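K.L.:
Sequence lines, in order, name chains A and B.
Quick note on the numbering used here: the first sequence kicks off at 15 and runs consecutively.
Quick note on the numbering used here: the second sequence kicks off at 308 and runs consecutively.
Keep in mind that the hints were calculated from the coordinates and are not lab data.
The structure presented is a predicted model; accordingly, all values stated were derived computationally and were not measured.
Cβ coordinates follow ideal geometry from the N, Cα and C atoms, glycine included.
Please note: incorrect hints may appear among the correct ones.
What the hints assert, rightly or not - Which residues of chain B face chain A? A few of them, derived with a C-beta cut under 10 Å, are:
#1 I380
#2 W387
#3 R407
#4 F551
#5 P564
#6 A594
#7 H611
#8 R783
Claimed, not checked - Taking beta-carbon pairs under 8 Å as the criterion, some of the chain B residues facing chain A (in silico):
#9 L388
#10 P556
#11 A602
#12 A612
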Amino acid sequence: MRAVWDALGNGVIGVLGLIPLGGVKVLVALWFAFLVSIGFMLPRSYIFEGTPDQHWWRDVRYWALIVIALELIPYLYF
Amino acid sequence: MALSNIDLFIIGVYYVGVIILGTYYTRYVKSSSDFFLAGKMLPWWAIGASLVATDISALDYIAASGQGYKYGIVIMNFDWLGCLPPLVLAAFLFMPTLWRAGVYTIPEYLGLRYNNAVRGIQGLLWGVFLACNLGIMFWATGLMLSEFIPIPDHLLFGSVKAVLEPIWHQHWQIMVHVLIVAFAVAIYTSSGGLSAVVMTDVVQLVIMFVGSIAIIIIGMVHVGGLSGLEHRILGLGANFQNHFKLFLPIDSPSPYPWPAIIFGLAFVLAPAYWLGNQAIIQRTLGAQSEWDAKAGTLFAGLLHALIPIMIAVPGLVGLALYYGEIDNPDLAFPHLVHRLLPAGLTGVIFAVFLAALMSTVSAVVDSAATLWTRDIYKQFIAPHQSDRHYLTLGRFLTFFFVVCGVATAPVVNYFESIYQAIQNFLTFIQGPNLALLVFGVLWKRTTGKGALAGLFTGLATSIGLFTLHRLYHIFRQDDPFLYIAWWSFFCSSVATVGVSLLTKPPPPEKIRGLVFRLALEDREVQDALKKRIEG
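Excised from the complex, chain B in its bound form (with noise of 0.2 Å):
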């Protein structure tokens, strides 16, 4: 795809602008409370864009309007059930109670709740989940970077082309859109930390929403408007029939039947992403007040009900108007962007993309850096240390972390396997991290050693579900990950009970203000969790 001078010019403006306003949040950063929780200044409204701007990746939009053109809008589950439900228990029940608890991280407040094992060994399955896919998120999307915009052998007079491939080789030229993100991730991220983060994923969500609305706007026209569109798609023949169905039936022999939608997606994986993923609540744990957390993650819900037609519905513009040309459903958005948008235009989606890019790989080097501070080397290698030393640390790490994920990014090409076992290590632990949470957040009879079982058997049962799967076919589903995901979380929340019910109660001076009940009493709960978490 050949862009433009006037393409160019946005995004170079686009890209130039993000680092400036991510470095200058850097005077502000005078703590490890400023870099890692934004000094916990952080209102409402940018909470609440940048929890969506951070879940939006540039991936989503490629792989949502992929499965859109294949399955229809029962993808769109995702992000409506997926995600809203969610969100309205996390503002009233779990954020309050998480940013009273005063805590940096999901594993900090386990250990809390629970003991320093819970949290050592969910600090270090989330630490290597996140530091681990770094590597992968570059790859992927430079990899479709480079479909859009091939690097041309004499960029700089061939010294790019000079440097670049005596180190990568053939894939000199993804390699260049890797560096030209992590570059600006780089910068902003490890000076600026979560202030940063956040209000340049701010700028960022606001040209996703101008790009994708323009681009639906101008295939809705093509294709006659939603009636148009679905009497084109009801008319390509019997198995598109189901194309605008959100729920599919249970023989279905796509992923998605309803009981996984409802019981995968819905009670386990959309709640266990929104309500313990570090990465996403970071945020929310920076907010300037309790209230401001509550409302920050409603308004991701308000500006979250859009995301599924800004990213499903090109696919399914895609597939009206071109099925038959689009051999690989996951090329429909690229190609709609190719055949339909004018000069300009093309320029604002590339920056769509970078800007989904870069607000999801920042987010997670910020999270990844506070994970691998807070709750590995403070808590079992340096304790005593001063504050500045573990600023230094936290900037060095997010520093180290986008080094790494550039070093690793060409070796996930050679190696399938390793983002297929990264994807399948999060399905393992999303189900009894959910489990731990629920329970240690609502149920003040939950205890540690319950939680330690829970935690336990829920990784035995995804993983063994898992084998058997790959074994002897017990799913009727090709990829049944929505189902491993809710016995794992079944499982976890029995063995959690049981043993919680069989041990002896935690007293309550060790949970106060960490159960929702009981942080929800009085404000004495603040002052004593703060005594605790400063000693």
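So here's chain A without its partners, still in its complex pose (with noise of 0.2 Å):
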């Protein structure tokens, strides 16, 4: 049992332990990316949907650029 587990699930990971942490970083950046242009890629319309008004400061995908920004700092410093 544990070699067909070794030779499947724990080979997968080891696999993946060739991708140095740098690179874990730079995956992870992208993957931040991605989650900001999906807001992006939304019609204006359904980012602003219930609201009453559309000042900028109610559009939520500068809200999301905000927090992602915010997170990807400890990222790259760490």
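Make one complex out of these two single chains by using the hints.
P.N.:
Next comes the structure, spelled out in structure tokens:
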């Protein structure tokens, strides 16, 4: 049983282990960029659905940008 | 730890204030929708604050600072990588779809999207988990609070001991703390419903921020700032060289090597928690508009960016200042409070613990009552009762779950395996739960049979891997819950997609408004959904 699992599960994990930690950070940064881009791919009408006006500060895509940018800082530093 | 009079005064003001604030919202509860979803009147700022307050329990302060002490900043991933990305996904894709669907619970959505079998199984799994978890939460936090403030035998001239000791024997002092918390939660949650829970959460979060920031500032001054903290810890020896790395190498003996963090936490457990946990998403479903649901979720992300610093840094400060003095890492935070804080601030920190505890317990109680009322009682037992009937039942169940939580709390002490079993149970259901929600919201081709296949496959995978690990130690980590969650999600997804492709697609009218792309299209969907819910 252990041999089977080593070949399947731990084998996959072992291949991932070849990626250097710096590469992992790059992947995480790309993941964050993808998340923000989702918002900017959505129609403006969808973003503002349910708001009484369309002031810039109600654009939640910029909120997401700030949230993700804040999170990126510790991942770049540490 | 001895509390001064000023500490006790602060704690008393906080406790009474929260009860008054919570019960104030009783006047707005006229229907079951008011009780379970706050009448869909919640603004974005309250949703954001409540999401964070619900997420952070008193145990997080102890456990996260303990893990920070032991493993370093890698533990911060749980509140950064394990929180903000799913919140962004939730804000843009999932919450608007669920909000537009007009549902009260996640199982209710899954029932509309797939079938009643999925709804029943999911409702039962989550209902059982939330109800059982209450006893554990009560016991663990009562235990922790009694470490902070031991109840003296002579409290109220010995009458408290005289009444409680015959019932709970040597645990009566712990149960005093449990009863104090349970009383407040039962009063304001059963009377004010979700409005009371959310509005008290806002106040509780403010207290949590004030207290936590105070202890961090004092701690950082003592260690000489961030560079002083780093210098002291790295100087402790070879075992501490990874303490300032957010990603640990794959061969790290800790439970947190980077593939487990990325695949188990970031891709499965975190989204499952933030997208599919009823206790979390219920306040978003009560948003006053779709925009408030989105903005509230992102505001939670903004607030949450500070949480890892608040709960993990005290562990690092404890390590830097008191290495060698602390035997158990979980005592790092209490030790820090004991050694560093002046009178008055200790009371604030105790209020922080109470706030963190009460906000989480009230959310769990409220969502358990919602699940059992909507997805079990209304769906399978008494579907055609008046709205007043369901409101009364919701209130009764809220009170009932608190009483059950108190009654079962001491049992946890005798059976450690119960605690472990409940935690394992959550790991078992998170993977398939996420797969069903993701494919339900994002892929219109997913069918009810595919969902059932995915649900059972995911459960079988997680239970199977868990059992195999117990028997043969198949993972390299002692506690491979992150890897088990990942494989459970993966297998569940494969089964959901495979069986869906082999079965007849759902008719468009059945899934109208329930799939992200389709919900995006037009406002008519909302009317159609409202009619379906009312019908």
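K.L.:
Work down the list of hints and note, for each, if the structure agrees.
P.N.:
Outcome of the hint check:
Taken as an interface hint, I380(B) checks out: its beta carbon lies about 6 Å from the nearest beta carbon of chain A, inside 10 Å. Interface hint at W387(B): satisfied, since its Cβ lies 5 Å from the closest Cβ of chain A, which is below the 10 Å cut-off. Annotation: R407(B) was flagged as interfacial toward chain A, and the flag holds, the nearest CB pair being 9 Å apart, inside 10 Å. Interface restraint check for F551(B): the shortest CB-CB distance to chain A comes to about 6 Å, inside 10 Å, so the restraint holds.
Restraint check, P564(B) versus chain A: the minimum CB separation of about 8 Å is within 10 Å; hint holds. For A594(B), the suggested interface contact is upheld, since its CB lies about 9 Å from the closest CB of chain A, less than 10 Å. The interface hint given for H611(B) is met, as the beta carbon of that residue sits about 9 Å from the closest beta carbon of chain A, less than 10 Å. Using the Cβ-Cβ criterion of 10 Å, the hint placing R783(B) at the interface with chain A is satisfied: the shortest such distance is roughly 7 Å.
Hint on L388(B) holds. Least Cβ distance to chain A is approximately 7 Å, under the 8 Å limit. Interface restraint check: P556(B) against chain A, minimum CB-CB distance 7 Å, threshold 8 Å, status holds. At a threshold of 8 Å, the smallest CB-CB gap from A602(B) to chain A is about 5 Å, leaving the interface hint in force. Annotation: A612(B) was flagged as interfacial toward chain A, and the flag holds, the nearest CB pair being 5 Å apart, inside 8 Å.
When held up to the earlier numbered hints, the structure conflicts with none and fits them all.
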